[in-house]
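**Student:** Numbering (my numbering), first residue to last: 1 to 272.
No wet-lab data here; the hints were simulated from the structure. All values derive from a computational prediction rather than experimental measurement. Hints are not guaranteed to be accurate.
With a cut-off of at most 30 Å between alpha-carbon atoms, the simulated DSSO-like pairs for lysine-lysine come out as follows [what the hints assert, rightly or not]: (1) Lys122 x Lys106; (2) Lys191 x Lys242; (3) Lys242 x Lys188; (4) Lys87 x Lys57; (5) Lys53 x Lys130.
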Amino acid sequence: MSTTAPSSAPKPKKSSKSAKPAKSKFAAVKGEGGGKSKGDAKEKDKVHRLSLKGSSKLVTEFFEYALNSILFQRGVYPAEDFSAVKKYGLNMLVTADDDVKAYIRKIMGQLGRWMLGGKISKLVVVISSKDTGEHLERWQFDVQLLAKPKKPSFSETPTDTPTTENPSENTENTPTHPPPPTTPAHTKTEKEIQEEIQSLFRQITASVTFLPMLDGRCTFNVLVYADGDAEVPMEWGDSDAKEIDGGEKVTLRSWGTSSHRVDTLVSYRLAD
């Protein structure tokens, strides 16, 4: 399942959502806790959901600035169409064109809803020749949800996972073992997260040193890979993966929060 953003986009504004059916990895976000204390479990779940909500917002915001940075650095729009803002401790360039700005924000608004629902596994920005339709660059951001909580099942009893709520009735001859120790996820500070994001944006800026120059008019597509059950707006259309056959690939820095990890890869077509 894949979709394309509204056709009323200005200039090279075509955006697509390519949604591959994926595992329902994020269903536990909305699940209620299943521990011994129902109240404690709900409170822990609430804390997790608040943390996940903030992380989802941060990742979505990052995508907006990353898209703007790529469009500027790769010359998809003229340099005079961008203005400088301070973000992540860096001078970032974002589009100043009202139509382009509105279009990007519309995409990011939907992206944010999918992120909050835990539906996204990948976001891709594809730069193509407007004259030939040839795909020239493909910026891929893989999104991984960390420390996924397990959703309790109220309709069936799992057979492969021991539970503490319903111990076996016959436990005389059953040896008891303490549960394996759990290692709490590292809670990243705002400073750590910002430093990781800074490093990635510096790499995006420096990418002009190894990426081939883009000649002629270019357009861009935004693809979003999500769970197969994600709700897709009617104005979004189907899209293929827009891979670059035989292209070069460069892995850039990763960054993450305590809830998400974002890995970055850019593929490009070698100049003839």
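**Student:** Could you work out which earlier hints the structure fails to respect and list their numbers in ascending sequence?
**Tutor:** Hints 2, 3 and 5 not satisfied by this model.
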